[in-house]
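Visitor: Keeping the supplied structure of chain R fixed, place chains P and G upon it in accordance with the hints.
Protein chains in written order, with this note's numbering: chain R, 1 to 317; chain P, 1 to 321; chain G, 1 to 416.
Please keep in mind that the hints were generated in silico from the structure rather than gathered at the bench.
Worth double-checking, as some hints may not be accurate.
Claimed, not checked - Straight-line distance between alpha carbons at most 35 Å, and here's what the computed DSBU-like set of lysine-lysine pairs gives: (1) R:153 / G:280; (2) G:41 / G:351; (3) G:385 / G:351; (4) G:105 / R:26; (5) R:153 / G:173; (6) R:153 / G:257; (7) R:26 / G:385; (8) G:170 / R:26; (9) G:280 / R:287; (10) R:287 / G:310; (11) R:287 / R:26; (12) G:170 / R:287; (13) G:105 / G:385; (14) G:170 / G:351.
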Amino acid sequence: MRALLISLALWGVTCLVLAVGLGWGKPAQVVGMFVVSGLAVGSLYALGGLGLVVLFRATGVLNLAAGAIGMSGVMIAWQLVEWGIPAPLSWIAGILFSSALATGYGRSIAPRMAWREPVVKAVASLGFALILLGLASFLWSDDPRKFELPTDKAAVMILGLRVTVTRLLVVLIALAAVVLISVALQRTRLGLQMRALANDRRLAALIGVPVVRVETMAWALSGVLFGFAGLMFGDLVRLQPAVITFLVVPCIAAAIAGRLQSLPDVLIGGLAMGVIESLLTLSDMFKSIRPVAPFVIAALVLIAMNRGRRLTFAGED
Amino acid sequence: MRHRALAPILVAVLLVGLLPGIVGGQWVKIFTSTTCFALAAAGAGFMYARLGMVSLAQVALMGVGGWVTLRLNHATGLPFEANLLVGALAASVLGMVLALPALRMRGLYLALVTLMVAGAFEVIFTAYQFPNGGAGFWGVGTSFSAPMRRPLLGESDTAYLRYCLAVGVLGFLLIELHRRTAPGRAWALIRRSEAAALASGVNVTLYKTWAFGLSGFLAGLGGGLLAASLGLLDAATFKASESVLLFALVVVGGTRFWFGAIVTAILYRVVPGLLNNWGVDADLALVFFGAALLHAVITAPDGIAGQIAALFAWRAPHDRA
Amino acid sequence: MTKHVLLPAGSIAFALLASTAIAAPTCGANTGAAATGAPIKVGGIHGNAAPGDFSASTTAAKAYFDCVNANGGIGGRPIEYLVENDQWNPEMAAQAASKLLKDEKVVAIVGNGSFVEMAVNAPLYKEENIMAMAAACAVSECFESSNIVSTNQGPLPSTVGAAQYIVEEKDTKSAVCIGLTIPNVGNWSCGAMEGYMTSKGLTGASVLLNPASPDVNSGLLEAVATGADTIVVNLPAGLAIAFLKAAEEQGLGDSYKWASSTPLYDRTVPEALGSYWDGKMFINAELTPWDKGGPDATNWLAVLDAYAPKDAARDTFSQSGFLSAKYFVDTLMKMDPATLDDRAAVTTAIKAITGYTSDLTCGPYYVGEADRHMPNHAGTMVVVKGGTFETVRDCYEYDSPYFAPIIAQEKALGLH
Numbered sequence: 001m002r003a004l005l006i007s008l009a010l011w012g013v014t015c016l017v018l019a020v021g022l023g024w025g026k027p028a029q030v031v032g033m034f035v036v037s038g039l040a041v042g043s044l045y046a047l048g049g050l051g052l053v054v055l056f057r058a059t060g061v062l063n064l065a066a067g068a069i070g071m072s073g074v075m076i077a078w079q080l081v082e083w084g085i086p087a088p089l090s091w092i093a094g095i096l097f098s099s100a101l102a103t104g105y106g107r108s109i110a111p112r113m114a115w116r117e118p119v120v121k122a123v124a125s126l127g128f129a130l131i132l133l134g135l136a137s138f139l140w141s142d143d144p145r146k147f148e149l150p151t152d153k154a155a156v157m158i159l160g161l162r163v164t165v166t167r168l169l170v171v172l173i174a175l176a177a178v179v180l181i182s183v184a185l186q187r188t189r190l191g192l193q194m195r196a197l198a199n200d201r202r203l204a205a206l207i208g209v210p211v212v213r214v215e216t217m218a219w220a221l222s223g224v225l226f227g228f229a230g231l232m233f234g235d236l237v238r239l240q241p242a243v244i245t246f247l248v249v250p251c252i253a254a255a256i257a258g259r260l261q262s263l264p265d266v267l268i269g270g271l272a273m274g275v276i277e278s279l280l281t282l283s284d285m286f287k288s289i290r291p292v293a294p295f296v297i298a299a300l301v302l303i304a305m306n307r308g309r310r311l312t313f314a315g316e317d
Numbered sequence: 001m002r003h004r005a006l007a008p009i010l011v012a013v014l015l016v017g018l019l020p021g022i023v024g025g026q027w028v029k030i031f032t033s034t035t036c037f038a039l040a041a042a043g044a045g046f047m048y049a050r051l052g053m054v055s056l057a058q059v060a061l062m063g064v065g066g067w068v069t070l071r072l073n074h075a076t077g078l079p080f081e082a083n084l085l086v087g088a089l090a091a092s093v094l095g096m097v098l099a100l101p102a103l104r105m106r107g108l109y110l111a112l113v114t115l116m117v118a119g120a121f122e123v124i125f126t127a128y129q130f131p132n133g134g135a136g137f138w139g140v141g142t143s144f145s146a147p148m149r150r151p152l153l154g155e156s157d158t159a160y161l162r163y164c165l166a167v168g169v170l171g172f173l174l175i176e177l178h179r180r181t182a183p184g185r186a187w188a189l190i191r192r193s194e195a196a197a198l199a200s201g202v203n204v205t206l207y208k209t210w211a212f213g214l215s216g217f218l219a220g221l222g223g224g225l226l227a228a229s230l231g232l233l234d235a236a237t238f239k240a241s242e243s244v245l246l247f248a249l250v251v252v253g254g255t256r257f258w259f260g261a262i263v264t265a266i267l268y269r270v271v272p273g274l275l276n277n278w279g280v281d282a283d284l285a286l287v288f289f290g291a292a293l294l295h296a297v298i299t300a301p302d303g304i305a306g307q308i309a310a311l312f313a314w315r316a317p318h319d320r321a
Numbered sequence: 001m002t003k004h005v006l007l008p009a010g011s012i013a014f015a016l017l018a019s020t021a022i023a024a025p026t027c028g029a030n031t032g033a034a035a036t037g038a039p040i041k042v043g044g045i046h047g048n049a050a051p052g053d054f055s056a057s058t059t060a061a062k063a064y065f066d067c068v069n070a071n072g073g074i075g076g077r078p079i080e081y082l083v084e085n086d087q088w089n090p091e092m093a094a095q096a097a098s099k100l101l102k103d104e105k106v107v108a109i110v111g112n113g114s115f116v117e118m119a120v121n122a123p124l125y126k127e128e129n130i131m132a133m134a135a136a137c138a139v140s141e142c143f144e145s146s147n148i149v150s151t152n153q154g155p156l157p158s159t160v161g162a163a164q165y166i167v168e169e170k171d172t173k174s175a176v177c178i179g180l181t182i183p184n185v186g187n188w189s190c191g192a193m194e195g196y197m198t199s200k201g202l203t204g205a206s207v208l209l210n211p212a213s214p215d216v217n218s219g220l221l222e223a224v225a226t227g228a229d230t231i232v233v234n235l236p237a238g239l240a241i242a243f244l245k246a247a248e249e250q251g252l253g254d255s256y257k258w259a260s261s262t263p264l265y266d267r268t269v270p271e272a273l274g275s276y277w278d279g280k281m282f283i284n285a286e287l288t289p290w291d292k293g294g295p296d297a298t299n300w301l302a303v304l305d306a307y308a309p310k311d312a313a314r315d316t317f318s319q320s321g322f323l324s325a326k327y328f329v330d331t332l333m334k335m336d337p338a339t340l341d342d343r344a345a346v347t348t349a350i351k352a353i354t355g356y357t358s359d360l361t362c363g364p365y366y367v368g369e370a371d372r373h374m375p376n377h378a379g380t381m382v383v384v385k386g387g388t389f390e391t392v393r394d395c396y397e398y399d400s401p402y403f404a405p406i407i408a409q410e411k412a413l414g415l416h
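Isolated chain R, as found in the complex:
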């Protein structure tokens, strides 16, 4: 709890300093609008980052195909709606499809490269992303499309900005996911097993943790998270396969903000990244390159997190 408060304070102060520094001399309402707008974007990064961290903790795989898996789900959901299937059914089908894709990869392909080191496993998952992207681009021609949810129409005013219920939903569901998954990791047997795997895979296997079952659950759960993130990307970013596929890179930045470990930190870090990116719009110098914000922040986090460490002995990474 203490660590959580510290990171909350750290990110909060960073955002505040930037908001004051960049927004100096501008009406407070304008700055407020950029902060709210940034929270909306940041929650998307965080949502993608959560799935990545859940999977990485349990399986040691950083899934670069997360974006492509989510993209496949939202394209399916869009297609089903077009075919006249009731919308809620289509959304659920899209999320389940994403989960099935992730589980399929996790069961059939990932184990075959278990002997590879983590970097190579991560890089190889790009192959799966290319397959999904290629298939999606082949099946759906390049037409402008829009994916909509009924919650897009309702909105509330926050700091002078209209915020749709969909955007609130993203923040709430990300928050709920963090709480639920954290509690489940603490309280349930499966959670215990996942934590055991995250701590020491070989030891966990030795004491009888059913590795395959736990990993499969992790793949399926991460697939649901990717699928939901995909629907939200399709609704709030844009419904273009290539765009959603490569959104995985800023999502990795959010995952790094949580050191690939801590779910609450992913959420807080992701939100802060979105706010900082949005605030950079106020700077004439940085506004055309403001999407660099998550990358620069993530690199700084990685360096800070490893400060004072010395690589004396070669070991497992």
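Guide: Frame of chain R; chains P and G shown alone:
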């Protein structure tokens, strides 16, 4: 031992001497690109094989080399070689900056730092594009593209391919030179154990930085050569996903053998060219590519180069170490 | 999800087609006999890969050439149309041009549609003395180099045209242009719109979005902060729809006047935009509206029906590719048959084109010996209405300082 040394020499002579003369205009262009990326792949490959360090920013560093080369070409009247060298050195310096995190971390975390750098460069390249002779620091005009000078020895496309291949051979020799001298021994020790390296009086900081610098230098060379091949560069070439893809293909190509980098570059540039020529749909080519990537990572521990070597019963040079 | 959005995607398109495409195609000499002589090699390059598909122009050009080949060809010789895909990759664009120009030795390039190909290959076209009669251009190099001439307008005239309409009809005082932070696309075209506004004593500003950013909201807020009363959207369709969705979210549809360049003139756009934008969004069309009718418009659809794949797009780029191919064939038919394989002679003939006209474009098509070509700088304004488009201003000429050198060119050719 002697026949082992013959193979690279034979390949180099065949490539530089014969290849440019016998292929058509399209393939001259394809092989020029292939050579540029082979240099970058060789850089990433030797870092991975010698030090176990992964750079997912290699294509972004090519972009940096290309950017500086283009900028100097349009700003000064210096000959191509000078611009190329400064461009490569700039990429090298940036590579060395990347080495700083490498002193503290390795494996996935180090790779992620480089991926974040690649992501940042993608954004910057997209926003500012590459110099084309315009005014100002960024050198980008909206209405024209000034000519990019080529080397005197490589004015035509065919001669330029020969020129690139010669630079490529020099790049490979540079790596080989390092492997056989003090840096190579230091790297081998560092890979085993940094404690042992420290105890033996090896300057770990210097040699790690050196490796990143060399890898960046090769990437920068590749980027500069690519710039003069096309006359301009486009941000689409240097996306973060391309850097990741290049590294994936480095693993698939195989890093324990010198020709692994050539295999990598062939997969990266020649195979798409072939698929395109055969009329394979670009989207389906992507599917094929992804599947082949997964297959190779699963089945070939030493990459395709390892499988080729197994055919001829060669052993990797550092099996002795 | 409203009922409106659930409308079958093709129904509007189908209704349009059914009303016009009845006549038999007429192509070239129109003899009805297949051409059997030695083929004349012609090239075309399009971009079709993950970010987008620009192949409609070469598809239409190919359909027209096939039709010509089935109708006597060029004096009995068929056109062999070699199409390459640059896959949005500058290296592949250079490879494609090398293949066509150096290996296949084509006499001309016709119907190109790409974002990258023209910028990379413009110097090569000049060096090889070949003309590219492009059809779907988007970057500045395409309109400002000696050996490329495009039938479409590109983002600059289209954006200026959209701004001009909104200034003249809706009394705009201050407009902000939303473009991409890509110098030879966004800065170039939005810069010209600012120039137009200044030339009229009004205010213009630009907000440039990085296509790598998932967030369009900040760009929207930035646009609002400029204090403009009109927003001119100049983005690729997918990004434009995301931008307008964010604007809808903020309820800005009625507090601003809205206009857009051509990318939003696409059959699927009204459905993707939804009823919110009905009657609010004014879009500039580079070529004449698909349903306007006229001999070339009818023939275009007839040729596509007969010679193109069933699902081929029937959009602006398709019209443009058809027209480029038609002008090219018309030019070849007037040439001395002995010089048809001579690239230099074909280039000279293309450069000699003055004043071809068609009901598919508002102004005349010409080439001429010049270091820039932009024959098409007059267009039509449409508004999104009832799930389709409605013309609000027929053919009008754009008026901006940018076009001064082009008008001078036209005066010299006796066209203006």
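Visitor: Now look at each hint and say whether the structure bears it out.
Guide: Cross-check of the supplied hints:
1. R:153 / G:280: Holds: residue 153 of chain R and residue 280 of chain G sit about 18 Å apart, inside 35 Å.
2. G:41 / G:351: Between residue 41 of chain G and residue 351 of chain G the Cα gap is close to 19 Å, so the pair holds against 35 Å.
3. G:385 / G:351: Not OK: residue 385 of chain G and residue 351 of chain G at ~41 Å, beyond 35 Å, violated.
4. G:105 / R:26: Violated. Residue 105 of chain G to residue 26 of chain R sits at ~61 Å, over the 35 Å cutoff.
5. R:153 / G:173: 31 Å, holds
6. R:153 / G:257: Distance ~21 Å between residue 153 of chain R and residue 257 of chain G Cα, so the pair holds.
7. R:26 / G:385: 39 Å, violated
8. G:170 / R:26: 31 Å, holds
9. G:280 / R:287: 29 Å, holds
10. R:287 / G:310: This hinted pair is violated, its Cα atoms lying about 45 Å apart.
11. R:287 / R:26: Roughly 16 Å separates the two Cα atoms, so the pair holds.
12. G:170 / R:287: 31 Å, holds
13. G:105 / G:385: 48 Å, violated
14. G:170 / G:351: Status violated; Cα separation ~40 Å.
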